[in-house]
Structures are given as C-alpha cells and as structure tokens.
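Asker: Spelled out, the chains give:
Protein chains: 2
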Amino acid sequence: MQGFPPPVDKRIQQPESDFFSFPKMRWTVCHIRELMPTKQVSRGLTAPVPLSYALDDGIDAVTFTPTGANSPMRWDDSLAHNYTDGILILHNGQVVYEEYSGCLNETGKHAAMSMTKSLIGLLAEMLVSDQLLDPDASVASIIPALKDSAFGNASAREVMDMTTSLNYSEDYADPNADIWQYSKAASPLPKARDYRGPNGYFDYLTTVKSDGKHGKVFAYKTVNTDVLGWIISTVSGQDVASLLSERLWRPLGMEQDAYMTVDGIGTPFAGGGLSAGLRDLGRLGLLLLNDGMLQQKRLVKASVIDSIRQGGDKNAFAQAGYKSLPGGSYRSMWWVLHNAHGAYAARGVHGQTLYIDPTANMVIVRFASHPTAKNSANDPTSLPAYQAVAEYLMQQSMQRAAESNE
Amino acid sequence: MQGFPPPVDKRIQQPESDFFSFPKMRWTVCHIRELMPTKQVSRGLTAPVPLSYALDDGIDAVTFTPTGANSPMRWDDSLAHNYTDGILILHNGQVVYEEYSGCLNETGKHAAMSMTKSLIGLLAEMLVSDQLLDPDASVASIIPALKDSAFGNASAREVMDMTTSLNYSEDYADPNADIWQYSKAASPLPKARDYRGPNGYFDYLTTVKSDGKHGKVFAYKTVNTDVLGWIISTVSGQDVASLLSERLWRPLGMEQDAYMTVDGIGTPFAGGGLSAGLRDLGRLGLLLLNDGMLQQKRLVKASVIDSIRQGGDKNAFAQAGYKSLPGGSYRSMWWVLHNAHGAYAARGVHGQTLYIDPTANMVIVRFASHPTAKNSANDPTSLPAYQAVAEYLMQQSMQRAAESNE
Numbered sequence: 001m002q003g004f005p006p007p008v009d010k011r012i013q014q015p016e017s018d019f020f021s022f023p024k025m026r027w028t029v030c031h032i033r034e035l036m037p038t039k040q041v042s043r044g045l046t047a048p049v050p051l052s053y054a055l056d057d058g059i060d061a062v063t064f065t066p067t068g069a070n071s072p073m074r075w076d077d078s079l080a081h082n083y084t085d086g087i088l089i090l091h092n093g094q095v096v097y098e099e100y101s102g103c104l105n106e107t108g109k110h111a112a113m114s115m116t117k118s119l120i121g122l123l124a125e126m127l128v129s130d131q132l133l134d135p136d137a138s139v140a141s142i143i144p145a146l147k148d149s150a151f152g153n154a155s156a157r158e159v160m161d162m163t164t165s166l167n168y169s170e171d172y173a174d175p176n177a178d179i180w181q182y183s184k185a186a187s188p189l190p191k192a193r194d195y196r197g198p199n200g201y202f203d204y205l206t207t208v209k210s211d212g213k214h215g216k217v218f219a220y221k222t223v224n225t226d227v228l229g230w231i232i233s234t235v236s237g238q239d240v241a242s243l244l245s246e247r248l249w250r251p252l253g254m255e256q257d258a259y260m261t262v263d264g265i266g267t268p269f270a271g272g273g274l275s276a277g278l279r280d281l282g283r284l285g286l287l288l289l290n291d292g293m294l295q296q297k298r299l300v301k302a303s304v305i306d307s308i309r310q311g312g313d314k315n316a317f318a319q320a321g322y323k324s325l326p327g328g329s330y331r332s333m334w335w336v337l338h339n340a341h342g343a344y345a346a347r348g349v350h351g352q353t354l355y356i357d358p359t360a361n362m363v364i365v366r367f368a369s370h371p372t373a374k375n376s377a378n379d380p381t382s383l384p385a386y387q388a389v390a391e392y393l394m395q396q397s398m399q400r401a402a403e404s405n406e
Numbered sequence: 001m002q003g004f005p006p007p008v009d010k011r012i013q014q015p016e017s018d019f020f021s022f023p024k025m026r027w028t029v030c031h032i033r034e035l036m037p038t039k040q041v042s043r044g045l046t047a048p049v050p051l052s053y054a055l056d057d058g059i060d061a062v063t064f065t066p067t068g069a070n071s072p073m074r075w076d077d078s079l080a081h082n083y084t085d086g087i088l089i090l091h092n093g094q095v096v097y098e099e100y101s102g103c104l105n106e107t108g109k110h111a112a113m114s115m116t117k118s119l120i121g122l123l124a125e126m127l128v129s130d131q132l133l134d135p136d137a138s139v140a141s142i143i144p145a146l147k148d149s150a151f152g153n154a155s156a157r158e159v160m161d162m163t164t165s166l167n168y169s170e171d172y173a174d175p176n177a178d179i180w181q182y183s184k185a186a187s188p189l190p191k192a193r194d195y196r197g198p199n200g201y202f203d204y205l206t207t208v209k210s211d212g213k214h215g216k217v218f219a220y221k222t223v224n225t226d227v228l229g230w231i232i233s234t235v236s237g238q239d240v241a242s243l244l245s246e247r248l249w250r251p252l253g254m255e256q257d258a259y260m261t262v263d264g265i266g267t268p269f270a271g272g273g274l275s276a277g278l279r280d281l282g283r284l285g286l287l288l289l290n291d292g293m294l295q296q297k298r299l300v301k302a303s304v305i306d307s308i309r310q311g312g313d314k315n316a317f318a319q320a321g322y323k324s325l326p327g328g329s330y331r332s333m334w335w336v337l338h339n340a341h342g343a344y345a346a347r348g349v350h351g352q353t354l355y356i357d358p359t360a361n362m363v364i365v366r367f368a369s370h371p372t373a374k375n376s377a378n379d380p381t382s383l384p385a386y387q388a389v390a391e392y393l394m395q396q397s398m399q400r401a402a403e404s405n406e
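Quick note, the sequences are listed as chains A and B, same order. UniProt numbering puts the first residue of the first sequence at 1, with every later residue one more than the last. UniProt numbering puts the first residue of the second sequence at 1, with every later residue one more than the last.
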C-alpha cells in the first residue's frame, strides 16, 4: 500500500488470492492482522529481556557458492536475491547481524508461515516432557471427535512427525486439491449462504480420510499440525495462542506480543498462522541452541530440545524427495538437516527460516517474501550461505581465542 | 465463547449483528481483533512506565444516590449494575482501586468505543498547538476531496466540536438511517458482487450532504471524527493508529500495544475503533489530569489540555438535549460536564468512560458491556457514583493531611 489513503490500484484487501499475490504479498506479510481476524500471543507486561549486541561488519563480505552455481555470491547480495525482509544472526548468544528491509522494522511483526508448525511441535514436546501428552497414544483416545477420521488410529508421534497417511492433497497448483476445501472451511469470512461444508479447522479435520498405514512415509501436510494444535489444546486446556503466550512468550521475555490468525469460530491456525517480531524468534532460537536455557535460566527441559535435534525417520523422509535437504528428516515439526553441524530449522513458504547451528553456536532468523512459495527456490542461495556464515563465525571465534592466548 | 472449541450455540462470529448482540457482546468487547482486521498501535519496545499503587479498601463502601432514585447504592454494587468489565481509579497519581471482571484481565484489551473519538480530538489539539493544524481552516482547504461534501465549508474546529450541520442520521433504531450505509462502506469484509456504494470511511465521507449552517448546534455524529481522523492524517502524514503510537503510546510508556479496527482499505476507524488496556487509559488520564505532564516529564503542552477543559459552546450543546449532562458541552471530542469539580470525560456506548476530575485530582477509567448502548442507561448509577468517590477521596486526603499536622 502506498499513499494515504492508497489509490485504487495500490490497494491491498480481501480476498486472500489478491493480497497474497506478488508483489502485494511483500506488504501483506507484515500486515496480516490488518486483513484478517487474529488472536494475541501476549508477552505479558514486564520489561523485555534485552539481547546483547556484538555486530560484525565482516559478515556482509562472506562468500558462498549457491547450490548448482559456478560462481560465488556475497552474503549481502544474497539478501536481496531472497527478498529478505528481516534477518538476524546470533552467535555465542549475541546479535552479530541485524537488517530490516521491505515491509519490516524492529517494531513490526512478520508472517512466520509454516515456522508456526515448529513452535506447535516444540509445545507438544514440552507437554510430552511434562507427561501431559503420551506420544504413543492414539489421536482418537485424546480427541474422540477424530475417531472416524484418518487421524483416529494414528499416534500423536505420527502426527508430530507427519508420517500419517492421508487421502489429502496439499498441491496448491491443483485447483481441485483438498487444501482449497480446507481453506474455505478455515476462512474467518462469513460463509456463503449456500455453503454446507465444515466450519473451521476442527470441523474440517474430522472429514479427512485415510490413505493407508501410518508411520511409513513422511508427507508434509498442514492438517497434521492443526490436529496437533487440537491435541495440545485438549491436553492443556488452552488454545495454542494462549499456550504459546504462557509457555514461551512470557517466560522468554519477548519484546513484542505476537499473534495468530483464527478461523470463523476463533481457533488459531496452528499450521501457519503466527506473526512475530524478528528478535523474538531470535530469543526462541537461543532457547533451542542453549538446550532450553535462556540468560542462565532453565525454561525448557534439555530432553525436549534433544528430542527435536535427534531428528526423525530418515527413510520416511527420503521417500518424500526433498532435493535441497538430502539425508534430512522431520521431527516434531522441525526440519533436521543431519549435516556436519547438526543444524535444524523451522521453515515457512516464501523463505521464512529459523536456523539453528549447534556446532557454530549460531542462530539465524530470516523473514522474507520471495515470489516463489516453495523453499526449493531460495534454498540454493540460503543453505550454503548459512553454512558459510557459520564457518566464518567459528573462524572469528578461534582467531579471537588465539589472540587472547598470545 | 465457552469451551474449546465452543459448541455451536456458544459460538461468536461474523456478522457483526450477531457478535454485538447481548449477551455475546460481553465477550466480544474484549476480543474485537479476533473478529475483525485491526492495526497495531505500538507501545514501542522499551520497558513500560510503572504505575504506583496505594489501594484503598474503603472505596467499595462509598454510597451515592442514583439519579432519580430514592435509596442509596454502594459503589461495589454499582459495578455489577453497570456490567463493568474493568475499573481503575487513580488519585493523587496513584492507583487506589482496580478491578477486573467479565471478559477483561490485566493483559487484555477492551473496546473503547467512542472514547476513541476523544483520543483523536486530543491528537488534533496537539497538532493545533504544533501549528500543523489551523482550527479555522476549512476542511476543503485541507482535504480537497471533501470540497463538495457537507464538510467542505466547515472549519476544522466545527468538526472537532461536532457543530457541523449534516443531513445524516445516526439513529441505530432506524433501519433506514445513514449509519447503516456508512457501516456497509466501512466493513472490512469483501463487498457483495452487486455492491456499488462507497468503499471505506473516506469514500463514504465524500458523499455526506449538508443540512444547513455549521457552528450553531451540537449534533453527535461519528462521521465528524472520521473526517477529523482524515484531517490529522493529512496534516501529519500518518494514519491515526501510527499517530496514536508516536504521539501517545510510545512517549507515555504504555504497558500494552493497543489496536484499531480498519476498513477494507486499511483506514483505522477514528470514530470508535480503538481497543486498549485498562491501565494504559489510566496513564492517558494522568497525562490529562496533570496538564500534559507524566512522571515529571512534559509530554503535551498545557495549552492543549486547557483547550479541552475549557469546554465548548454550551448553547450549542443544550439544543441536543442530553438529560444526564445538563449544562455540559462538547469540546474537541471530549464531554465537559461543567460541574463544580470541572470534570470532563471520554465516553463510549455500553458504558465506556475515562473520567477526569481535576478538583479531586482523580481519574476513573471504566470498561463495560452494558446491554443498553446509550449512556443515559448507566449514567444515573455512574455519574453520581464518580462524584461520591471523588468526595470520599478528597476527604481521605484532608484527613491524612490533618493527621500529619497533629
């Protein structure tokens, strides 16, 4: 949107097919709440826990070779290439790099897209460690309303790792894909008078049919996360936005409230509805990197983070054919790279990333609005770039250590 | 909403006629953002400025006689009587009373309804004192698009004081009243395919026709505030939500972000779209009570507050026939009581109040969800109650002063 009020050709408004089109989407990703109903994820009322800074000008000049390319690219050039709206790098617990562009600034919030799933997965692991959720329990035993759906005889773990077998298509390119019925059910807009379908996420989930045996193949389908949202809401007695506030946003001393989009009956969109500040996802990254500690305080049991880091079933993952993540796995809604650094990540369409590299003691948060939804479009100029920055930062640390020993 | 997910008969959702019906409205007033698109009013990222506390248990037992009644009522009984969701009393700069009930809690935000207007009026007065806005300028000279509307030849001051003469009915009881066309234009929901009317607040405002000479009679019509919102956005270059953030929410050290509802093209609803935390309106009340100072810092010029406190044209006001506010006036979107204490107030339907009593050095903020929209329904058990509490607090101060002199 440009100008105030914006001229007709610059307006961004409902329906969704308009506001998520490129280039309008570059504005939309920072302004989701201005287009849709949302629920607050409260940070509480206390002073935020400050991040400490040790900015490193050298990062811009780090070079890497994009996957499949012949010539190197500079880090700073990669940012525009990937339509980066905000990027934060934390190393040894300090912010070493922070940039905003596009629609984002330090008091703004950006759509996290499917990174939301990883936060829901983290909450689920926390409830497992609190013995409120048994990962081996069947979904039907937790949510009787899902008994006759595909999810009924799946275990909570199969839902968490997306190894359920569902007769459900999430191919956005196919106008007959089930995802469109799902979107229609989930829309917070009033339903058309002749609409007879399900109303809201939960209503829809009860209609999903099975496609075989669970537990064999990883299949990335957002409905799993909404089932997981329903599961953790049931065992905790709180909707996922409230749970995110109580379990993460308040204890981590976040500096901004976050928010989640909701369906027509107020259910937050566990599969992708979060918008949050860049630094606050940085705080979350530090919590994971430090095995559940933040600022010398234990907020989450180390076993929770371990369960995620260890990764999921590599064979199940290999069958899904993610070319930019060879040898990877998916565990509790996190993408585990199984690379030399033991990196794992939350990822969302159009380039959203929370990338954790335990070896380099580094966290990268990136918000972006890449015209292509699939991350395979930006991975070639992202994943090698993250690795190169990790190596650069490790080298810097070693150099400083060597100098202080001289 | 009760239960998770709520059963069908407990659901609260679009359309507006459903969610603002009683008793559903008692939930809605704390959850506007979950039903409609909204724009953030950022508090910034710093630590909130704390309020200091000196709670006074004696207030509950204060009695008063409701207007027109024969028997007295206790203060604490008046709260349930008025469907109070949150009430805060500040005296001599400290919180002496704070209660939450209904849908509200300390991290919640409540619809301010038409109290929003008073904040817009305050911003306008601030821009006047900054010489960015000339109150004598015609609206057409500031917003050429309004030249042919009723507002074109009105002065900014006439808009601020609602003494414009408009051929426009805001009688919610009349299904043919203009307010319904306005609501349709302003709805953020996608327009019906055959809709040919204006889109958004501003589009609609250009269509309002004149009903005679401006400046003679006070007529409470929300469209004035939306014109004023457009005026202050034009002279400041910022939409009103951003302006509220920059001029009030950040400098006052508010503890919560607030938000405003928006129309389909993103224009915040100046006439009534704000939702905010109880204590944050308390901070705003202190700023007014202390002539523009907060915590020993001057944030607003004293002349700004003076301009509001002095009141508007009493004759113009008398002709509007507000029985519960005899001898009052309306100035810069504030209700000035012209009572012995020099009290003035921001007021919104269903019982919203920010009441400032300079003589008693007292601020009262009340959020409520009274089934009756018009404040004439709750004024009889509110205005005398505020006066009684003011007198009680003054007496307490005198007693303490006397004791310390003994």
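Rather than coming from a laboratory, the hints here were simulated on the basis of the structure. Everything numeric in this text was worked out from a predicted model, so none of it was measured. Glycine is no exception: its CB is placed at the ideal position from the N, C-alpha and C atoms. Heads up, some of the hints might be wrong.
Stated by the list, open to error - Cβ-Cβ distance ranges computed for the label pairs, FRET-style:
(1) B/Asp77 - A/Lys184: 43 to 51 Å
(2) B/Ala192 - A/Glu170: 49 to 57 Å
(3) B/Gly93 - A/Gln296: 48 to 56 Å
(4) B/Ser21 - A/Asp134: 39 to 47 Å
(5) A/Asp174 - B/Trp180: 39 to 47 Å
(6) B/Ala80 - A/Pro175: 42 to 50 Å
(7) B/Asp18 - A/Gly327: 33 to 41 Å
(8) A/Pro175 - B/Gln181: 31 to 39 Å
(9) A/Ala140 - B/Asp77: 46 to 54 Å
(10) B/Ser101 - A/Thr234: 49 to 57 Å
(11) B/Pro371 - A/Trp180: 36 to 44 Å
(12) A/Thr234 - B/Asp306: 56 to 64 Å
(13) B/Tyr53 - A/Gly93: 33 to 41 Å
(14) B/Ala192 - A/Thr359: 56 to 64 Å
Unchecked claim - Here are the simulated EDC-like cross-link-like pairs (lysine to aspartate or glutamate), alpha carbons at most 20 Å apart as the crow flies:
(15) B/Lys191 - A/Glu106
(16) B/Lys191 - A/Asp9
(17) B/Lys297 - B/Asp130
(18) A/Lys301 - A/Glu246
(19) A/Lys191 - B/Asp171
(20) A/Lys184 - A/Glu170
(21) B/Lys374 - B/Glu246
(22) A/Lys10 - B/Asp203
(23) B/Lys10 - A/Glu16
(24) B/Lys191 - A/Glu98
(25) A/Lys213 - A/Glu170
(26) B/Lys184 - B/Asp171
(27) A/Lys191 - B/Asp194
(28) B/Lys191 - A/Asp18
(29) A/Lys191 - B/Asp18
(30) B/Lys209 - B/Asp148
(31) B/Lys297 - B/Glu246
(32) A/Lys374 - A/Asp9
(33) A/Lys191 - B/Asp9
(34) B/Lys323 - B/Asp130
Asker: Work down the list of hints and note, for each, if the structure agrees.
Answerer: Here is how each hint holds up against the structure:
no.	hint	result
1	B/Asp77 - A/Lys184: 43 to 51 Å	holds (49 Å)
2	B/Ala192 - A/Glu170: 49 to 57 Å	violated (31 Å)
3	B/Gly93 - A/Gln296: 48 to 56 Å	violated (37 Å)
4	B/Ser21 - A/Asp134: 39 to 47 Å	holds (42 Å)
5	A/Asp174 - B/Trp180: 39 to 47 Å	holds (42 Å)
6	B/Ala80 - A/Pro175: 42 to 50 Å	violated (54 Å)
7	B/Asp18 - A/Gly327: 33 to 41 Å	violated (53 Å)
8	A/Pro175 - B/Gln181: 31 to 39 Å	holds (37 Å)
9	A/Ala140 - B/Asp77: 46 to 54 Å	holds (50 Å)
10	B/Ser101 - A/Thr234: 49 to 57 Å	violated (28 Å)
11	B/Pro371 - A/Trp180: 36 to 44 Å	holds (41 Å)
12	A/Thr234 - B/Asp306: 56 to 64 Å	holds (57 Å)
13	B/Tyr53 - A/Gly93: 33 to 41 Å	holds (36 Å)
14	B/Ala192 - A/Thr359: 56 to 64 Å	holds (57 Å)
15	B/Lys191 - A/Glu106	violated (34 Å)
16	B/Lys191 - A/Asp9	holds (17 Å)
17	B/Lys297 - B/Asp130	holds (18 Å)
18	A/Lys301 - A/Glu246	holds (16 Å)
19	A/Lys191 - B/Asp171	violated (29 Å)
20	A/Lys184 - A/Glu170	holds (14 Å)
21	B/Lys374 - B/Glu246	violated (32 Å)
22	A/Lys10 - B/Asp203	holds (15 Å)
23	B/Lys10 - A/Glu16	violated (28 Å)
24	B/Lys191 - A/Glu98	violated (41 Å)
25	A/Lys213 - A/Glu170	holds (19 Å)
26	B/Lys184 - B/Asp171	holds (15 Å)
27	A/Lys191 - B/Asp194	holds (17 Å)
28	B/Lys191 - A/Asp18	holds (14 Å)
29	A/Lys191 - B/Asp18	holds (14 Å)
30	B/Lys209 - B/Asp148	holds (8 Å)
31	B/Lys297 - B/Glu246	holds (16 Å)
32	A/Lys374 - A/Asp9	violated (28 Å)
33	A/Lys191 - B/Asp9	holds (17 Å)
34	B/Lys323 - B/Asp130	violated (36 Å)
The structure shown violates the earlier hints numbered 2, 3, 6, 7, 10, 15, 19, 21, 23, 24, 32, 34.
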